[in-house]
Amino acid sequence: MAGIHVHTQDVNDEGPQEIARRLARMDDVEYVFAQVNTIFERNPSPTGVLEHNPVSDVVIGEGLLYSGFDPKEVYPGLHQRWEPDPAKRDPLATLRDSPLNESYTIVPWVNVLNGDFLGDVENSCVRDFTGERVGHWLCPNGPHVVEMWARIIRALVAEYGWRTVMIDRIRFPDWSGRELEPRSILSCFCPACLREMPQAGIDADELRRDMRTVATSLGEKRFAEAVAFFTASASLRSWVAFRQHSVSRMVENLAARTRELCPEAELWLDVWPPSYGWLLGQDLTRLTQAGEKLKHFPYHRLGGGADVQGFIEYFADDDAGQEAAFRAFLDVFDLPYDLTYRRFKQDGFPLEFVRRENEKVRRLAQEGTRVYSGVQMWNLSPAELLEATKAAYASAADDVIYYCYGWASDELFGASNGARDAGTA
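In numbering that gives the first Met the number 0, the protein residues as written are 0 to 424.
It should be emphasised that the hints constitute simulated quantities derived from the structure, not laboratory data.
Owing to the predicted nature of the structure, the values given are computational and were not obtained by experimental measurement.
Treat the hints with care, as some may be off.
Below are the PhoX-like pairs computed for lysine-lysine, each with C-alpha atoms no more than 25 Å apart in a straight line [to be verified]: (1) K220 <-> K344; (2) K87 <-> K71; (3) K344 <-> K292.
Input sequences plus hints: build the corresponding full structure.
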């Protein structure tokens with residue numbers, strides 16, 4: 000019951016026949032997670048080219064929604080910008096009407112809080128501790144998020160007939176995006192969050208002061224000091240708990256409202272590895288009360304899916320500084336690896352990262368949660384893909400989901416065949 004992600008450009012540029020040809024070489028794929036709306040991400044990320052895309056070597060996501068219906072008509076108060084080109088607007092219909100829909104279970108894949116939105120954005124966006132808007136992020140406490148997406152999900156089910164939807168970007172911003180900006184983490188100070196902070200025992204002015212202290216220490220390359228202050232700060236601990244409550248409540252409310260509007264719909268969760276996700280607002284114990292199936296992505300070669308290298312080199316440009324910053328990074332996220340930054344750039348985290356993160360998910364998730372371990376399917380060799388997939392199957396995960404079709408070189412399709420039996424032996 001493994002799965003694989005496909006992006007809008009895969010369907011529009013290559014077409015279902017080419018996708019089917021490559022997927023047929025893989026012996027364990029049942030689900031195809033089809034992107035509904037893009038994020039501001041380089042495809043592939045962070046480097047490389049789309050080796051089998053006949054149109055583009057690189058695609059930069061523009062935060063657009065792709066569908067046969069106008070999202071503004073579904074919910075005028077807040078809506079995602081719609082793909083303007085009719086020839087490319089509806090890749091979901093292309094998949095629905097193709098043999099792929101007979102051979103695989105298609106699951107629309109929705110990015111909830113990140114994209115190019117119109118309407119009441121001023122009251123809906125994330126703001127950092129200086130009051131600046133953060134990219135194209137919506138706050139989970141915003142007034143429109145739940146109703147907008149519940150209606151969109153109902154429209155997706157009605158339009159295409161698929162009843163399962165994977166929801167992604169159910170978190171606050173990390174440090175990456177169209178541009179790398181670590182200050183994005185120090186959020187959110189939108190009107191809705193500011194109204195609720197006192198109820199959570201948070202003094203917004205004190206929180207801002209502590210965030211400035213951390214930001215100053217990082218800017219002055221006092222990395223260990225920044226970690227020590229962050230760990231000891233009561234206001235920052237309360238802020239982390241507030242973020243987790245905010246995201247959990249949004250997902251709970253979205254699941255409940257979706258059931259009201261569309262009882263047959265089921266939501267799957269796409270989350271970060273738990274070593275990072277706690278900082279971005281993801282409490283897996285509570286989230287898995289609202290969704291019984293989840294995928295996370297312990298991509299050991301990339302450091303868990305996070306742009307670790309970009310983060311380190313944002314703050315330090317010499318070897319000593321980068322090693323100190325990397326050690327602080329490992330400490331704050333409780334990553335117990337005896338690893339230099341130089342070695343990390345070469346090999347990523349050890350495969351132990353896959354096992355450890357899956358064990359954490361299993362321990363934190365509600366009993367009965369089906370856990371899918373994301374497997375990095377790009378920027379590695381066939382042998383490395385096989386080893387990573389075997390490690391995922393040997394861990395506490397139930398199955399794997401590959402990321403992703405369009406980024407993978409041709410030689411990787413089928414390279415992990417046999418990993419399930421080898422990993423569970």
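We went through each hint and held it up to the structure:
For the hint pairing K220 with K344, the CA-to-CA distance comes to about 20 Å; that is within 25 Å, so the pair holds. Distance restraint check for K87 and K71: the Cα-Cα separation of roughly 18 Å lies within the 25 Å cut-off, and the hinted pair is therefore satisfied. For the proposed pair K344 and K292, the alpha carbon gap of about 32 Å is over 25 Å, so the pair is violated.
Checked against the numbered hints given earlier, this structure breaks only hint 3.
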